[in-house]
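Trainee: Generate the whole structure from the sequences, applying the supplied hints.
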Amino acid sequence: MSKLWRIAWHEYGRHVFTRRFMLILLSVPALVLVVIGLVLIVIYMETDSQPLGYVDQSGILADPIPAPPVSWPERAVALVAYSTEVLARTALDAEEIQGYYVLPEDYLQTGQAELTYYEEPKGSSRGQFLEFIAVNLLASQPAEVASRIIDGTTIIVRSEDGSREASEEIFMDILMPFFSGLIFFFALSTSSGYLLSAVVEEKENRTMEILVTSVSPGQLMVGKIVGNIAVGFTQLLAWIGFIALGVTIGGKWFPFLRGVQIPWSSLGVMMMVMIPAFIMICALMAAVGATVTEASEGQQVMGIFTIPLYIPYMLITLLMDSPNSPLAVGLSFFPLTAPLTVAIRAGFTVIPVWQILVSMGILTASALGALWLAGRAFRLGMLRYGKRLRWKELFAPARGRQAYG
Amino acid sequence: MATVELNHISKSFGAVKAVDDVSFTVEPGEIFGLLGPNGAGKTTAIRVLLDIFKPDSGTVSILGGVMDESKKNRVGYMPEERGLYQDIPLERCLIYLATLKGMSQAEARLRAGEYLERFDLAQDKKKKVKELSKGMQQKAQLIVTLMHQPEMLIVDEPFSGLDPVNTQMVKDLLKEQRDRGVTILMSTHQMHQVEELCDRLVLIDRGRTVLYGGLDDISLQFSGHAVKVRTQDTLPTLPGVEKVERNNSAYRLSLAPSATAQDVLRELVEYGITVEQFEIATPTLDEIFIRVVTGNSGEEGGAG
Chain A
1 MSKLWRIAWH EYGRHVFTRR FMLILLSVPA LVLVVIGLVL IVIYMETDSQ
51 PLGYVDQSGI LADPIPAPPV SWPERAVALV AYSTEVLART ALDAEEIQGY
101 YVLPEDYLQT GQAELTYYEE PKGSSRGQFL EFIAVNLLAS QPAEVASRII
151 DGTTIIVRSE DGSREASEEI FMDILMPFFS GLIFFFALST SSGYLLSAVV
201 EEKENRTMEI LVTSVSPGQL MVGKIVGNIA VGFTQLLAWI GFIALGVTIG
251 GKWFPFLRGV QIPWSSLGVM MMVMIPAFIM ICALMAAVGA TVTEASEGQQ
301 VMGIFTIPLY IPYMLITLLM DSPNSPLAVG LSFFPLTAPL TVAIRAGFTV
351 IPVWQILVSM GILTASALGA LWLAGRAFRL GMLRYGKRLR WKELFAPARG
401 RQAYG
Chain B
1 MATVELNHIS KSFGAVKAVD DVSFTVEPGE IFGLLGPNGA GKTTAIRVLL
51 DIFKPDSGTV SILGGVMDES KKNRVGYMPE ERGLYQDIPL ERCLIYLATL
101 KGMSQAEARL RAGEYLERFD LAQDKKKKVK ELSKGMQQKA QLIVTLMHQP
151 EMLIVDEPFS GLDPVNTQMV KDLLKEQRDR GVTILMSTHQ MHQVEELCDR
201 LVLIDRGRTV LYGGLDDISL QFSGHAVKVR TQDTLPTLPG VEKVERNNSA
251 YRLSLAPSAT AQDVLRELVE YGITVEQFEI ATPTLDEIFI RVVTGNSGEE
301 GGAG
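Line by line, the protein sequences are chains A and B.
Okay, so the first sequence: first residue is 1 according to this note's numbering, each after it adds one.
Okay, so the second sequence: first residue is 1 according to this note's numbering, each after it adds one.
Since the hints were derived computationally from the structure, they do not count as laboratory data.
A portion of the hints provided could be inaccurate.
Said to hold, decoys possible - In silico lysine-lysine, BS3-like type, Cα no more than 27 angstroms apart, as pairs:
| no. | chain 1 | residue 1 | chain 2 | residue 2 |
| --- | --- | --- | --- | --- |
| 1 | B | K175 | B | K71 |
| 2 | A | K392 | B | K17 |
| 3 | A | K392 | B | K54 |
| 4 | B | K175 | B | K134 |
| 5 | B | K54 | B | K17 |
Mentor: Structure below.
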């Protein structure tokens, strides 16, 4: 194994094979489980299993077809027929039912029914009764017609070029790039944070001098960047895996999750922008680490780079409303705001190819520039103990070199 | 061929000239002392030697040529600023740093076990480095320097932080390495260690070479024209002796230019003085160091 890979593996192992990292990894599925659990509890609480009564004076429920079954966690409500309002009222007073509907004789003409209750029945109970009525009203219709009417209308919005579409059921596709961008940035924060501390730590604990007499500064820097980027990607893949698992399992209960498809084209666009962005940020963090003398100082300087990264989230309503506005396009071309802007826009519009190419080009050039800067900062600052390397020294002409050329 | 050869190297940081026209060679299999007061430029000279810093002028040769990546595996370096990863177990730290010196993982594990045993750290190998005492960390640092069995050792203040037992162990270790043919460049302030271990030395002050050569030659160079006599008797006035300084039962006799030590010894015997000790009075390295550095010495060693 070459020294570069040994450094990368060391960096990877010291972060990944720790209890702390496992906790970070498990925090996302734990959070997803908590959210799912809360949603299920809310749905369960929204149903009242006490029966609901009805008095049919219209005759449409004389020989009723049972209401369609409901799926867990929604609870099925028994629907009890009463011959008179008096009997239904007696049952309500005896708290045997949560309320009762009266369908008058002219129900088919007016469509008006009356609900009597002491405490308004939950939405789920009313919904189950309305489905019961609908099924019975359509009893004489062919099954396809009945099903079509019960399912209602579905509006599908398609992009002009037909490459993207969204509807009430597949709205998650719009949000996927947005959420993917968010997860990507959590992973980026992890990688860049580890990288910053890795470089500062070796200055703080004075291992740097031993390292630079064992390997070249280039091997050391690249090994660290590769190792810490791998840490971020491990986190990223694990989280994506957990989410995919959650979507697959959750789809059994939540219809809106069934339609979730991976928007490969949007993700592809994002990856083209995110990968150079990832390298750029990591290299900048390494450069910061090489210039400062303590980790705490590094954290403060790091803020200068990380705050602009999240500006697109602060402007998210503007970007959603007008994903092709000059502001959105401008932010796509600025290296620090480009990654998230492109992620958000990819969810709400079809980004013109030339814009993606320009954004990619700017980010790739920025990543290369950041790597150069990191290498220079590393060479000049690696043995500066107790004295910070000034940024103007980084950009000064390479006159009177102090370290590796 | 010298293992290390520095030829007229100079290195400045801004307006400060850290090393100014320094030259010296380190011969194969010797222990060479690099001495100097704080801020004299010793560490800068070592960093130039190791190619961490590029010199402004002059040339450096190590192990037969300029420093390159392959030579890094052949050199063991213990910097003055000790450094180990604090948050990982000791054994893992040693193995990792050894693999960066070109050893395989298996080989490094085996060698780490041997050294941990020898340095009495085997029972602490699973402890995090930060949990070890300062002395133990110092020993661990030495293991890192030696594990890959380098051909050349560069040790900066190897005795700092060590108790007498461990100091002796390190001295034995350095002698053992020399006996194995390893060339050692040692930078230290502890002159008695230099006197005991080094064959030759260079003394740098304010970036410049002020003393360079074999230990015996330097001692003689600074010995002056005097003898040291230890006796319980009272000394008579001796011909050829210009000045007598007494310190308990020891006397330092400064001789006239025409007199020799042999003349004085003969006179003492003739007077029936019981001589317990008689030797040419040579200053200690400590004294030479102070004299040279404080400028009390009228003479300077030649800059090699």
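Trainee: Can you give the numbers of the hints that this structure goes against, from lowest to highest?
Mentor: none
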